[in-house]
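Engineer: Input sequences plus hints: build the corresponding full structure.
Number of protein chains: 2
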Amino acid sequence: MALENGKPSLASTAADASVMQSQSLDECLKVELSPAAWPEVQRVLQGLNQGAPVEELAHTPWPNNMPQDLNIQKYAFRAAPEQLRPRRSVRIGLVQNAIVAPTTAPFAEQSKALLRRMHEIADAAGVASVNILCLQEAWTMPFAFCTRERRWCEFAEPVEGGASTRMLQALALRHNMVIVSPILERDETHGETLWNTAVIIGNKGNIIGKHRKNHIPRVGDFNESTYYLEGNTGHPVFQTAFGRIAVNICYGRHHPLNWLAFGLNGAEIVFNPSATVGALSEPMWGVEARCAAIANGYYVGAINRVGTEVFPNAFTSGDGRPAHKDFGHFYGSSYVSAPDASRTPYMPRDEDGLLIADLDLNLCRQIRDQWGFRMTARLELYAELLARASRPDFEPQIIRDPAL
Amino acid sequence: MALENGKPSLASTAADASVMQSQSLDECLKVELSPAAWPEVQRVLQGLNQGAPVEELAHTPWPNNMPQDLNIQKYAFRAAPEQLRPRRSVRIGLVQNAIVAPTTAPFAEQSKALLRRMHEIADAAGVASVNILCLQEAWTMPFAFCTRERRWCEFAEPVEGGASTRMLQALALRHNMVIVSPILERDETHGETLWNTAVIIGNKGNIIGKHRKNHIPRVGDFNESTYYLEGNTGHPVFQTAFGRIAVNICYGRHHPLNWLAFGLNGAEIVFNPSATVGALSEPMWGVEARCAAIANGYYVGAINRVGTEVFPNAFTSGDGRPAHKDFGHFYGSSYVSAPDASRTPYMPRDEDGLLIADLDLNLCRQIRDQWGFRMTARLELYAELLARASRPDFEPQIIRDPAL
Numbered sequence: 001m002a003l004e005n006g007k008p009s010l011a012s013t014a015a016d017a018s019v020m021q022s023q024s025l026d027e028c029l030k031v032e033l034s035p036a037a038w039p040e041v042q043r044v045l046q047g048l049n050q051g052a053p054v055e056e057l058a059h060t061p062w063p064n065n066m067p068q069d070l071n072i073q074k075y076a077f078r079a080a081p082e083q084l085r086p087r088r089s090v091r092i093g094l095v096q097n098a099i100v101a102p103t104t105a106p107f108a109e110q111s112k113a114l115l116r117r118m119h120e121i122a123d124a125a126g127v128a129s130v131n132i133l134c135l136q137e138a139w140t141m142p143f144a145f146c147t148r149e150r151r152w153c154e155f156a157e158p159v160e161g162g163a164s165t166r167m168l169q170a171l172a173l174r175h176n177m178v179i180v181s182p183i184l185e186r187d188e189t190h191g192e193t194l195w196n197t198a199v200i201i202g203n204k205g206n207i208i209g210k211h212r213k214n215h216i217p218r219v220g221d222f223n224e225s226t227y228y229l230e231g232n233t234g235h236p237v238f239q240t241a242f243g244r245i246a247v248n249i250c251y252g253r254h255h256p257l258n259w260l261a262f263g264l265n266g267a268e269i270v271f272n273p274s275a276t277v278g279a280l281s282e283p284m285w286g287v288e289a290r291c292a293a294i295a296n297g298y299y300v301g302a303i304n305r306v307g308t309e310v311f312p313n314a315f316t317s318g319d320g321r322p323a324h325k326d327f328g329h330f331y332g333s334s335y336v337s338a339p340d341a342s343r344t345p346y347m348p349r350d351e352d353g354l355l356i357a358d359l360d361l362n363l364c365r366q367i368r369d370q371w372g373f374r375m376t377a378r379l380e381l382y383a384e385l386l387a388r389a390s391r392p393d394f395e396p397q398i399i400r401d402p403a404l
Numbered sequence: 001m002a003l004e005n006g007k008p009s010l011a012s013t014a015a016d017a018s019v020m021q022s023q024s025l026d027e028c029l030k031v032e033l034s035p036a037a038w039p040e041v042q043r044v045l046q047g048l049n050q051g052a053p054v055e056e057l058a059h060t061p062w063p064n065n066m067p068q069d070l071n072i073q074k075y076a077f078r079a080a081p082e083q084l085r086p087r088r089s090v091r092i093g094l095v096q097n098a099i100v101a102p103t104t105a106p107f108a109e110q111s112k113a114l115l116r117r118m119h120e121i122a123d124a125a126g127v128a129s130v131n132i133l134c135l136q137e138a139w140t141m142p143f144a145f146c147t148r149e150r151r152w153c154e155f156a157e158p159v160e161g162g163a164s165t166r167m168l169q170a171l172a173l174r175h176n177m178v179i180v181s182p183i184l185e186r187d188e189t190h191g192e193t194l195w196n197t198a199v200i201i202g203n204k205g206n207i208i209g210k211h212r213k214n215h216i217p218r219v220g221d222f223n224e225s226t227y228y229l230e231g232n233t234g235h236p237v238f239q240t241a242f243g244r245i246a247v248n249i250c251y252g253r254h255h256p257l258n259w260l261a262f263g264l265n266g267a268e269i270v271f272n273p274s275a276t277v278g279a280l281s282e283p284m285w286g287v288e289a290r291c292a293a294i295a296n297g298y299y300v301g302a303i304n305r306v307g308t309e310v311f312p313n314a315f316t317s318g319d320g321r322p323a324h325k326d327f328g329h330f331y332g333s334s335y336v337s338a339p340d341a342s343r344t345p346y347m348p349r350d351e352d353g354l355l356i357a358d359l360d361l362n363l364c365r366q367i368r369d370q371w372g373f374r375m376t377a378r379l380e381l382y383a384e385l386l387a388r389a390s391r392p393d394f395e396p397q398i399i400r401d402p403a404l
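So the protein lines, in turn, are chains A and B. For the first sequence, the residue numbers in the UniProt record's numbering are 1 to 404. For the second sequence, the residue numbers in the UniProt record's numbering are 1 to 404.
Keep in mind that the hints were calculated from the coordinates and are not lab data. One should not assume that every hint holds.
Since copy identity is lost for identical chains, a pair holds within one copy or between any two.
Derived pair list, reagent style SDA-like, types lysine to any residue, alpha-carbon separation capped at 25 Å [claimed, not checked]: (1) Lys204 to Gln397; (2) Lys30 to Glu40; (3) Lys112 to Ile398; (4) Lys74 to Met284; (5) Lys204 to Ile399; (6) Lys30 to Gln42; (7) Lys325 to Gly51; (8) Lys112 to Pro158; (9) Lys30 to Met284; (10) Lys204 to Asp401; (11) Lys204 to Arg400; (12) Lys30 to Leu48; (13) Lys204 to Pro402; (14) Lys112 to Arg88; (15) Lys325 to Gln370; (16) Lys204 to Ala403; (17) Lys30 to Ala279; (18) Lys112 to Arg174; (19) Lys30 to Asn176.
Structural biologist: As structure tokens, then:
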């Protein structure tokens with residue numbers, strides 16, 4: 001476990017980030033399995049897109065002024081040709097990254113270092129012709145909610161005029177790129193309260209809107225309800241120049257209803273910017289976002305940060321362990337999942353990375369037509385049940401064995 | 001592909017049932033991976049239960065009069081000890097099996113062969129002290145709905161007094177065992193219509209009730225809506241002598257709302273008796289039932305039949321392929337998934353099997369307390385949305401980029 005004082009070095013976390021000595025689960029399987037077994041394992045674990053594994057595209061080497069310490073992976077999801085609609089391909093980019101300066105550095109230095117880093121990553125995504133870029137949850141700061149210390153609130157910014165938003169607006173305009181920017185929001189018009197918010201920046205550099213995280217965890221070190229409450233922006237879908245997108249922030253991925261709502265409102269791509277650690281959630285990571293893509297007939301881009309963040313003061317986790325300073329390892333493993341149950345391999349567990357994927361959006365309707373999940377959904381049945389289940393006097397439908 | 005005329009022999013399907021030359025995905029990984037890599041891959045793919053892989057129990061060899069051609073696997077899921085509640089352990093059994101007589105045999109012969117087979121399997125489960133046994137979907141017949149031929153309706157039975165139910169009632173009483181028996185139901189009091197129904201038989205041999213499949217597929221060869229419509233029994237949870245159970249039949253596993261409803265009504269174990277083939281759904285198989293267990297805080301027992309069923313007359317699949325006689329390979333792979341994201345390995349892809357699992361039901365509430373999904377579910381928000389989305393004049397929440 002990386003406990004170097006305050007230093008979020010990636011190298012120092014490699015020991016616990018990779019028991020497998022591979023960058024990811026998929027990489028490990030590909031290396032270790034026999035040539036006969038790998039394709040069959042890949043078929044079951046990663047699914048097939050148009051009858052084959054999701055196609056990996058070659059990555060053209062960067063110009064020298066682009067970041068060389070970024071793991072770049074590139075894939076393409078295909079759809080069947082249609083006779084009455086043209087292909088609708090959009091290139092998305094998912095960013096996973098570690099914090100740059102240690103958490104002990106002055107806040108201005110931490111903030112500046114992260115902005116500089118994201119500037120070069122977003123520039124790189126622009127050069128790679130990404131149409132829609134999504135950054136990780138609360139990317140402008142360390143994920144300090146474990147500490148319950150109020151001073152980290154300083155990292156909050158208003159949606160309009162905040163330093164991170166202004167920087168990304170310029171980059172969006174320069175690269176003709178939609179950017180989804182999840183930040184800690186300072187709501188100045190409502191008593192300066194905080195929200196966990198994704199800002200949606202259009203490809204003309206304008207702010208299209210925002211979405212506030214709907215479901216807030218109270219799990220282990222995820223003491224986020226200390227800082228902000230459940231979002232009040234519903235389940236907006238943003239009609240951008242490159243398709244209809246939505247954002248399911250972090251813990252919302254555990255809520256099938258949250259995923260469903262974005263689908264009902266017409267999303268074709270849902271981003272899931274997250275911050276989650278290995279001991280807690282890794283076996284769930286490949287299951288939930290993927291299930292949502294299948295059930296709702298849209299693409300999901302799942303993002304998790306990387307690295308171990310070590311804080312200045314020790315904190316407890318409500319699990320009887322002694323007070324400690326680190327949050328555990330954010331295991332990266334970002335991936336894209338499609339409505340046909342295919343997915344990309346996972347990004348590395350311990351490297352900054354940019355996952356680029358070309359999505360043919362026609363696949364969404366094709367799979368809905370094929371599987372018929374929406375047609376057979378019986379929403380009115382569930383509207384009625386949820387209304388009843390919300391009431392204090394709810395009586396569950398239980399049939400008791402009369403022989404008991 | 002096994003196309004031997006009418007013969008559902010397991011041996012004949014092995015060629016396509018196992019490219020991996022292992023019985024299951026998990027078996028293949030365990031055999032092929034290095035001793036260093038396997039535990040880490042297992043941790044991510046199968047999860048951990050109380051900090052370790054789901055415990056495998058030794059299977060005591062059967063007496064000679066028990067079926068020797070049944071793959072038996074046995075596991076135990078643990079929960080943390082509590083101070084105010086005793087441990088609540090229940091032993092469940094999942095049955096996956098091929099049909100016995102060829103589909104060309106006289107119906108009485110096919111039926112008798114299946115009843116005889118299930119009699120010996122249920123007896124074996126009783127000897128193994130199973131408390132709740134669940135059989136596969138429409139276990140009393142071949143999965144003939146691909147044919148659209150009406151003559152297969154002969155296999156339908158009323159809930160009360162049907163041959164399969166009477167046989168299982170006697171076995172339930174003999175072994176003090178709850179049995180979930182999914183059949184094609186003939187509803188004699190409503191114009192002799194058909195339903196896809198699970199009969200719940202109590203451990204005293206009484207019929208506790210029934211559940212009719214809520215969501216009916218129109219996918220490829222799954223022409224089930226030709227035979228029966230969406231169920232009208234809601235989402236009942238059955239309070240049995242051994243815990244609160246529910247049944248999500250086959251295609252209902254693709255509907256997160258269906259899973260949710262059984263959870264809201266208080267299920268601790270949800271069985272998912274299925275019939276599904278490899279080319280269609282295998283990459284989804286490990287995702288959906290598992291996601292449901294995690295999201296709803298209950299155990300799921302997912303069951304799929306095995307073997308390739310070849311029918312007397314050729315039929316088309318609505319995909320441009322020539323008419324053919326087989327449905328593809330039912331790939332077995334039954335498994336149990338727990339609320340803590342752990343699961344058993346998959347059962348074989350091509351062998352009859354009985355998967356036995358000891359479940360500590362206390363785990364359900366422990367995980368709900370830990371993760372808080374129910375507390376943070378905001379049901380009233382979704383009740384309102386689903387009511388709106390059900391109406392013809394629904395207006396999705398779409399925020400359009402004003403720069404477009």
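Engineer: What label fits Lys30 with Gln42 when the C-alpha limit is 25 Å: within, between, both, or neither?
Structural biologist: This pair counts as both: shortest intra-copy Cα distance 8 Å, inter-copy 15 Å.
Engineer: State whether the alpha carbon distance between Lys204 and Ile399 is at most 25 Å within one copy, between copies, both, or neither.
Structural biologist: between (58 Å within a copy, 16 Å between copies)
Engineer: At most 25 Å between C-alpha atoms: does Lys204 with Asp401 qualify within a copy, between copies, both, or neither?
Structural biologist: Close across copies (10 Å), not inside one copy (64 Å); limit 25 Å.
Engineer: How would you classify Lys112 and Arg174 at a CA-CA limit of 25 Å: within, between, both, or neither?
Structural biologist: Answer is within; shortest intra-copy Cα gap is 21 Å, inter-copy 73 Å.
Engineer: For Lys30 vs Asn176, is the C-alpha pair at or below 25 Å within one copy, between two copies, both, or neither?
Structural biologist: neither (36 Å within a copy, 48 Å between copies)
Engineer: Measure nothing new, just compare the shortest in-copy and cross-copy C-alpha distances for Lys204 and Ala403 to 25 Å and report within, between, both or neither.
Structural biologist: Answer is between; shortest inter-copy Cα gap is 7 Å, intra-copy 69 Å.
Engineer: Within a copy, between copies, both or neither: where do Lys325 and Gln370 come within 25 Å Cα-Cα?
Structural biologist: For Lys325 and Gln370, the Cα distance is within 25 Å only across copies (22 Å; inside one copy 50 Å).
Engineer: Should Lys30 paired with Glu40 be assigned to within, between, both, or neither, using CA atoms and 25 Å as the limit?
Structural biologist: both (11 Å within a copy, 15 Å between copies)
Engineer: Under a CA distance limit of 25 Å, which applies to Lys204 and Gln397: within one copy, between copies, both, or neither?
Structural biologist: This pair counts as between: shortest inter-copy Cα distance 22 Å, intra-copy 52 Å.
Engineer: With identical chains, the pair Lys204 and Arg400 could be close in the same copy or across copies; at 25 Å between alpha carbons, which is it: within, between, both, or neither?
Structural biologist: Between copies, since 13 Å is at most 25 Å while 61 Å is not.
Engineer: One pair to classify: Lys74 and Met284, alpha carbons no more than 25 Å apart. Within, between, both, or neither?
Structural biologist: Classified as both: same-chain Cα gap 24 Å, cross-chain 23 Å, threshold 25 Å.
Engineer: Within a copy, between copies, both or neither: which one fits Lys30 and Met284 at a CA-CA cutoff of 25 Å?
Structural biologist: both (21 Å within a copy, 20 Å between copies)
Hint compliance for this structure: hints 3, 14, 19 are broken, all remaining hints hold.
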